[in-house]
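Asks: Residue numbers (this note's numbering), protein chains in the order written: chain A, 1 to 328; chain B, 1 to 328.
Wrong hints could be hidden among the right ones.
A pair holds if it fits inside one copy or across any two, identical chains being indistinguishable in the list.
Said to hold, decoys possible - Quick list of in silico lysine-lysine cross-link-like pairs, DSS-like style, CA-CA up to 30 Å:
hint: 1; residue 1: K66; residue 2: K92
hint: 2; residue 1: K276; residue 2: K186
hint: 3; residue 1: K118; residue 2: K282
hint: 4; residue 1: K66; residue 2: K44
hint: 5; residue 1: K44; residue 2: K92
hint: 6; residue 1: K282; residue 2: K114
Rather than coming from a laboratory, the hints here were simulated on the basis of the structure.
There are 2 protein chains.
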Amino acid sequence: MHVLIIGAAGMVGRKLSGALVQAGRIGKADISRFTLADVIEPAKPVFSGPVETIASDLSAPGAAEKLVALRPDVIFHLAAIVSGEAEADFDKGYRINLDGTRLLLEAIRHEGMKAPYKPRLVFTSSIAVFGAPFPEAIGDEFLNAPLTSYGTQKAICELLINDYSRRGFLDGVGIRLPTIVIRPGKPNLAASGFFSNILREPLVGIEAVLPVDPDVRHWFASPRAAVGFLTRAAEMDTAPLGWRRTLSVPGLSATVGEEIEALRRVAGDKAVKLIKDVPDAKIRAMVAGWPRNFAAKRAEGLGFKAESNFDEIIRIHIEDELAGKIGG
Amino acid sequence: MHVLIIGAAGMVGRKLSGALVQAGRIGKADISRFTLADVIEPAKPVFSGPVETIASDLSAPGAAEKLVALRPDVIFHLAAIVSGEAEADFDKGYRINLDGTRLLLEAIRHEGMKAPYKPRLVFTSSIAVFGAPFPEAIGDEFLNAPLTSYGTQKAICELLINDYSRRGFLDGVGIRLPTIVIRPGKPNLAASGFFSNILREPLVGIEAVLPVDPDVRHWFASPRAAVGFLTRAAEMDTAPLGWRRTLSVPGLSATVGEEIEALRRVAGDKAVKLIKDVPDAKIRAMVAGWPRNFAAKRAEGLGFKAESNFDEIIRIHIEDELAGKIGG
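Chain A with its partners taken away, still in its complex shape (with noise of 0.2 Å):
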């Protein structure tokens, strides 16, 4: 099985690579060969079989042909520009991530035409399709009203998918994310940056900024859990989905404080000390229209699992990024 990631240089696509060339398979199928590409060449990882790293723009012309012209059985397609930098860039989050996710769909049924080719498409969603007001709980069947324009491209980009996999030119699933934390590395333009920057700078005794109440709720799940999410979109039995090919994952609801209650059972009242609050006008109102909380039934029935709580989701970043330990 021939593997392509798309957005294999980004945090998601380096653990989901580092993840599938340690199993050494999805499923039950062996993986023999590896394409990551990205803006920027990938970090080439040690696998048994071929790796090859390519530096590839999806927005430009050809490049998206390059990559399905390789016939990957699994494509992953994580590469975006997140939220923040589309809404401030209206041309270039239109550019990549809507017209960049187009011409790999409309490569891949070119591609089909020339010899049967239907690979697992699986693509990265956000619960950005999703905006305020909401129920207590987003179940399956409600709105996609996204109030950024980052979300409206993910809601786009999800039509898409469903569209092509029902006309059989791929077989599309798509993931919307939880907000991810805790984000290893520096902080990016993420407007979301702040929920992962409260613990992971903490951690390593460095400050960090709060621009929000202790009381927001919003929907998290760990890098790891992403992972496992990407991997089941994969090998599942795509036919439960019918043509509505994206899935709500189950995640963790919860709020600020209990964010900042599970650093300080971790880490104690040093490492809370150091999240100075900082509020911002702008980061508060975008927050406010946030998915805070989801029932993600559909998902939970076909074996998506996630964390439960954030002691776990803090024990995980220490396991996975700090090789155990915390403190500055």
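Take the given structure of chain A and dock chain B to it, following the hints.
Replies: Then chain B, alone, in the frame of chain A:
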């Protein structure tokens, strides 16, 4: 007020331009000028002010810019490839129904960069944005899960119009038209055409084909109601919509059997006998995925109105199309 109608040569476009020319106003604003565009040049109505008729393919480079450069205050965008054709010709459907609309939105955005410009944009969406399974009545928060490429294209345009409105590039309102009955004139490529055919043809003594069972339930409104929806969308205060700019409008939920009984009441057994059962598996399969009933509470609260029975729908057809007379 300058009114642009794109798709002015189509059935709804002709009805709408006729009604607006006659009214001479939208809400409290006088209409001073019309521009009527379509892929074939629309007929020029008699109006006291200037009327320009333009043959224009919205998906052709520069076409949208040319129309938008006239800086109309209200733009009705009705142009589309119908469901049957969009299903038969994948490329054409996406080019006209998605890319054409996007080019229009982009032209408006770029026109606004030259000098402030924020027209009211009224877009005809469709109940085809919904796909089975659905609840007994589809509410205002039910997900878009189209089962046709046409429905997918309309759902995507809805999302774009929400985002462009939120960004302040335009002031959009989408109307999810019920199936319009009785369509005057000849059958078109819409798979839903038979709903009209079985009334329109027998009313003038001609046979018509019924491809589905009489217990098929669907969602209807008259051409006159459609004009009412679009006019209301042009004049309404959009603030109550927030960024959910598309409305499911009121309509009539009725079975084919109820259609036929209404025909019997109006035109007798003789007319009903002209309906020939010719089952069509392909149409039956499509119809099985179509909406049957709505709870259009938002639109009802905003003053949108439709017919409440088929006798009324038939009466409107006889008044508007047959000069009050029936029979072959």
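Asks: For each hint, tell me whether it holds in the structure or not.
Replies: Hint by hint, here is what the structure shows:
For a Cα distance limit of 30 Å, the shortest separation of K66 from K92 qualifies both inside one copy, at 22 Å, and across copies, at 25 Å. When the C-alpha separation of K276 and K186 is checked against a cutoff of 30 Å, the pair qualifies only within one copy, where the shortest distance is 18 Å, while the shortest distance between copies is 70 Å. Proximity of K118 and K282 under a CA criterion of 30 Å is satisfied inter-copy only: 24 Å between copies versus 43 Å inside one chain copy. Taking the shortest alpha-carbon separations for K66 and K44, only the intra-copy value of 19 Å comes in at or below 30 Å, while the best inter-copy value is 50 Å.
Only within a single protomer do K44 and K92 lie at most 30 Å apart by alpha-carbon distance; the minimum there is 28 Å, versus 41 Å between protomers. In this assembly of identical chains, K282 and K114 lie within 30 Å of each other by CA distance solely across copies; the values are 27 Å between and 49 Å within a copy.
Every hint from the earlier list agrees with this structure, and none is contradicted.
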